[in-house]
Amino acid sequence: MNIVVGFTATPESQAATYAAIDEAALRGAGVVLLPEQAAPAQQTGNDAGPPASAATPDPEVVRYAQEHGVGLSVSELPTDADFGDALIDASYQEDTAMIVIGLRRRSPVGKLFLGSTSQRVLLEAGCPVHAVKVRVGPRR
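For the sequence shown, the working numbering assigns the number 1 to the initial residue and increments by one for each residue that follows.
Simulated from the structure, these hints should not be mistaken for laboratory data.
Incorrect hints may have been included.
[Claimed, not checked] FRET-style restraints, in silico, Cβ to Cβ: (1) V74 to R27: 29 to 39 Å; (2) A81 to Q119: 16 to 26 Å; (3) D80 to V136: 35 to 45 Å; (4) Q119 to Q66: 27 to 37 Å.
Ideal Cβ positions, reconstructed from N, Cα and C, are used throughout, including at glycine.
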């Protein structure tokens, strides 16, 4: 069984990845990172293409997974796929036990609305969805 993480290069995604590793350690599962397709970089005369961090987990996250005995892999998002659709499709795979997504903290008014991708995944997923916020204090 696998736990699939909607992975972007954000603090929310990193928090979701840590939560997925913790859950995978409890369940004896692996973690599959499904990266959001990065937009091409602006043409500045330097390097063109998506940033390396868009689909690469932080080395600290990799170390955390190894310390907890959890296998960590990265899945590729098809080039024409929508990130939300890819997460929803992954939720219907037989080997997916859970989807984990990161949520941003919002103002009282903003709490009435989730991001469109998060909302779609929560409403349409075929397996449990764990929504994670960034920890305010230091990590345990």
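Ascending list of hint numbers which this structure does not respect:
Number 1 - this is the single hint that the structure violates.
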